[in-house]
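Please take these sequences and the hints and turn them into a complete structure.
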Amino acid sequence: MDGRLKTGIYSGSFNPIHIGHLALANWLCEFEELDEVWFLITPQNPLKRKSDLLDDDLRLRMARAAIADYPKFKVSDIEFHLPQPSYTIDTLHTLSRTYPERDFYFIMGADNWTIFPRWRKHEEILREYPILIYPRKGFDILIPDAYPNVKKVDAPLMEISSTFIREAFRAGKDIRFFLPEGVRPYLTPETSPLNPPVSSGSAGTLRNPSASPDNEP
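Quick note on UniProt numbering: the sequence shown kicks off at 1 and runs consecutively.
It is possible that part of the hints are untrue.
Calculated cross-link-like contacts (lysine-lysine; reagent style BS3-like; alpha-carbon spacing at most 30 Å) [what the hints assert, rightly or not]:
#1 K72 - K152
#2 K72 - K137
#3 K6 - K72
#4 K137 - K74
#5 K137 - K121
#6 K6 - K151
#7 K152 - K6
#8 K151 - K121
#9 K6 - K121
#10 K137 - K173
#11 K72 - K151
#12 K152 - K121
#13 K137 - K6
#14 K152 - K173
#15 K6 - K74
#16 K152 - K137
#17 K121 - K74
#18 K74 - K151
#19 K74 - K152
These are computed hints drawn from the structure, not numbers from a lab. On a predicted model such as this, the values are computed, not experimentally measured, just so you know.
Set out below in C-alpha cells:
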C-alpha cells in the first residue's frame, strides 16, 4: 500500500441529514474499505432551486451533530468557499490540490447516474476519479465497459429521503428514529427549523438552533 487515504466524497444538500445517509457511509467504510467518508454539504445544486433548501448554516450544523461520534466521518463546507453555483469537477479538483495525500472517490446514487451526462465536464470526472454508485429504488445501474473507474456497490437499499423527513415533520409525525441522535433536537416543534406541523395553524419560518460545532475538515 502507498499509504494514501481512500476518501469518499458524499455530496448532497442533506436537507436534512438522516439515518439513511449515515448507514450508507458506514457501509462504504466497512465493506468498500474507504478510510473516511466526507459529507460535502452543497450550498446550491445547479439542477435544483435554491429556495428548496433549508438554511445553509443549519444544514452544516445538523450534519456536524450527526457525525460527531464517528471518527471515519467528516463534514466539509468547501463548496461554501467556491464560486456558485458549485460544480462537482471544480470541487474535486480543489480537494485534490488541497489534500494531495488522499485518493478521492465520488459517491453517487443510481438516480443521479441516469442524469450524469448533464453534469458539467462529466467525462473529465470519469477519467480522473473513481465513482461508487449506490442503489436507489426504481433506477437500474448500467455501467458501460468504457468506464473502468465506475463501480456499482451492493449497499442496502434505504427507502428514506430528506423530502420524506420534511413532509412528515410538517404533518406532525414523530420522526425521531429516522434521524441521528444529534440531529433530533433540531427537528422538534419547539426548535422548528422546518415549518411547524400543519396542526399548529401557524405559518412558520426557518430558524437556526444556537449550537455551532467546529468545522471539519
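Going down the list of hints, with the structure as the test:
1. K72 - K152: holds (22 Å)
2. K72 - K137: holds (27 Å)
3. K6 - K72: holds (11 Å)
4. K137 - K74: OK: K137 and K74 at ~27 Å, within 30 Å.
5. K137 - K121: holds (27 Å)
6. K6 - K151: Holds, at about 15 Å.
7. K152 - K6: Roughly 17 Å between the alpha carbons, so the hint for K152 and K6 holds.
8. K151 - K121: Holds - the C-alpha atoms of K121 and K151 are around 19 Å apart, at most 30 Å.
9. K6 - K121: holds (23 Å)
10. K137 - K173: Distance ~24 Å between K137 and K173 Cα, so the pair holds.
11. K72 - K151: holds (21 Å)
12. K152 - K121: holds (21 Å)
13. K137 - K6: Holds: K137 and K6 sit about 27 Å apart, inside 30 Å.
14. K152 - K173: Violated, at roughly 34 Å.
15. K6 - K74: holds (13 Å)
16. K152 - K137: holds (14 Å)
17. K121 - K74: Since the Cα atoms of K121 and K74 sit roughly 26 Å apart, the hinted pair holds (cutoff 30 Å).
18. K74 - K151: At roughly 23 Å apart (the allowed maximum being 30 Å), K151 and K74 satisfy the hint.
19. K74 - K152: Judged against 30 Å, a Cα distance of about 23 Å means the pair holds.
Consistency with the previously given hints fails for number 14 only.
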